[in-house]
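Which chain is which? The protein sequence lines are G and X, in order.
Residue numbers for the first sequence follow our numbering, so the first one is 308 and each next one is one higher.
Residue numbers for the second sequence follow our numbering, so the first one is 377 and each next one is one higher.
Be aware that one or more of the hints could be misleading.
As a list, the in silico DSSO-like pairs of lysine-lysine whose alpha-carbon atoms are at most 27 Å apart [to be verified]:
# : chain 1 : residue 1 : chain 2 : residue 2
1 : G       : LYS406    : X       : LYS466
2 : X       : LYS529    : G       : LYS406
3 : X       : LYS529    : G       : LYS357
What the hints contain is simulated information worked out from the structure, not anything from laboratory work.
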Amino acid sequence: MVTAMDSSHSLASERSSIESTYELTKYLEYQLKEIKDVYLTYLGPPFNEKDFSPPAATRLELWHGLENQARLAQNQKAYSVLLAAVRELARSTLCPSLKTSLLHFCTGLDGLLGSISALMTTLGYTLPPSSANMRMRPTMNDFARKVEGFWILRELQSWLWRSAKDFNRLKKRLRAH
Amino acid sequence: MLSFICLLILLVPHALFTSTHVAVIYPQDQVLRIGSTLMATCTLSPELGLHANKLYWTMNGMRLSSSTYDMVSPDTLSVTLHHLNGSQQKSGDNLVCHGADGLVLGGSCLYVGMPPEKPVNLTCWSRNAKDLSCKWSPGGPGETHIRTKYTLKYKLRWYSREKECDTYSSGKQRYSCHIPRNLALFTPYEIWVEATNELGSATSDITTLDILDVVTTDPPANVQVGRVGDLEDQLTVRWASPPELRDILFQAKYQIRYRLEDSTEWKVVDDVGNQTSCRLAGLQPGTVYFVQVRCNPVGIYGSRKAGIWSNWSHPTAASTPTPSERLQSGSCESKPSEHNSTLRRELKQFFGWVRKHAYGCSGMSIKLYDQWRVWLQKSHRTRNQVDSTR
């Protein structure tokens with residue numbers, strides 16, 4: 308298992324790093340689907356209806372407007388913001404079992420952040436500076452809070468789906484070397 | 377600092393750009409009693425270019441009848457809800473204002489419930505005379521629709537400072553709390569539950585107890601039921617005392633119950649004392665029985681008071697030996713070798729008894745044999761067994 312060449316050894320560890328990051332992303336995607344269903348039921352109809360689409364949450368655009376860095380840096384930043392958002396969701400959830408599920412999910416997300424950072428270091432990228440937390444907490448009524456929760460989970464779902472593809476692409480690129 | 381300002385500049389225009397309210401719903405986050413009435417309004421932003429007559433309302437996804445609407449102005453539609461029912465979910469009912477094609481323009485969360493009633497059925501138990509767990513039920517149905525906080529409080533009866541329990545369970549046992557330590561023994565505690573929500577509060581009746589009176593344990597472990605040699609009407613039950621009793625503070629008394637496999641009637645054996653084995657007798661031969669054991673801690677510092685019975689152990693099954701064919705007339709099937717060794721053994725026992733009690737074999741008859749059987753039963757009875765009527 309131990310190779311003589313430094314480069315092939317680091318390539319192998321990169322590959323296994325990417326592989327496990329990819330697996331983690333798929334796992335979180337799966338976990339999120341379950342939590343999302345329970346959470347939307349907790350919010351009550353119409354949030355759990357099929358084609359429900361409320362006006363976009365005010366802070367949604369902030370995530371779209373992230374700087375265009377390397378894919379990994381983008382992922383890193385997105386998940387930092389999303390992790391903070393899900394933590395806030397968990398904190399304000401009244402249903403104890405749902406709260407526990409969300410907090411458990413946050414642990415997974417935190418792990419993903421760690422994986423991405425480790426991967427970036429392995430590949431020689433500089434880690435993005437930990438940005439000032441977008442601490443704009445406007446006072447919101449409960450309905451607006453529900454809408455935000457809806458969009459956070461929706462956004463998280465699309466990021467995980469996109470990340471899985473990113474990591475898969477990265478995996479193939481590394482294998483080609 | 378510079379990067380923070382840059383970030384702020386990046387963020388602010390975005391926030392401004394998207395914070396145009398599509399519609400404003402009033403009031404927000406209302407807490408109301410069941411049966412009350414609410415009037416809400418949906419006011420459109422002028423940029424929308426929509427007219428209020430195109431709007432409609434839904435409550436938890438169900439469309440509200442337009443007979444309850446009122447067009448207050450060209451850009452404001454109101455709805456009046458009468459006789460509100462308790463909220464469908466704790467996160468609040470969703471009252472939503474829609475535009476044409478169902479577009480969601482805005483919403484308001486509504487919390488409908490009742491002030492709490494006195495919590496009831498407060499029951500407490502201790503696992504090891506060091507902790508206390510209590511459970512209760514909400515006093516009324518209305519309070520379960522909205523977020524109601526329950527606080528378990530306790531104090532020593534003769535001392536005024538009250539304490540609060542802080543470990544509430546979140547799982548299946550919803551209305552319960554656990555006090556893990558710092559509880560005094562041999563002295564009464566007063567315990568109660570306070571319920572509060574946005575509509576009011578209520579306090580349960582006070583329960584007074586001494587920790588030592590409410591001690592309970594897990595059921596006895598390793599319950600084993602087996603035959604007593606070939607005796608067809610007996611089974612022996614053995615078990616281990618639950619680990620909590622290893623504390624020298626407690627002894628235990630046990631209770632056994634047993635029933636026929638296809639019966640629902642349990643027979644209870646009460647005077648088992650503190651042994652960990654017992655022989656059941658007077659049972660039907662060749663029958664399957666289910667047996668359970670439970671225990672109760674007693675004898676704390678000589679106190680004769682009992683605690684709370686544990687749950688019954690999982691049922692253990694065993695069967696009594698099938699009746700030997702020799703005691704029946706006219707049967708045919710039997711394994712000859714087995715038959716003979718049992719017969720021989722029993723004959724040996726019988727002759728031994730005859731020599732001792734019947735002064736020799738002169739009065740030999742089947743009556744003597746029957747007498748011996750009865751004697752056998754009686755002597756087993758004195759060895760701590762249970763008699764039962766057939």
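Pair hint outcome, LYS406(G) versus LYS466(X) [Cα-Cα no greater than 27 Å]: holds (13 Å)
Pair hint LYS529(X) and LYS406(G), alpha-carbon separation not exceeding 27 Å: holds (25 Å)
Given the proposed pairing of LYS529(X) with LYS357(G), does the C-alpha separation stay at or below 27 Å? violated (45 Å)
Figure legend: structure checked against the earlier numbered hints; the only hint not met is number 3.
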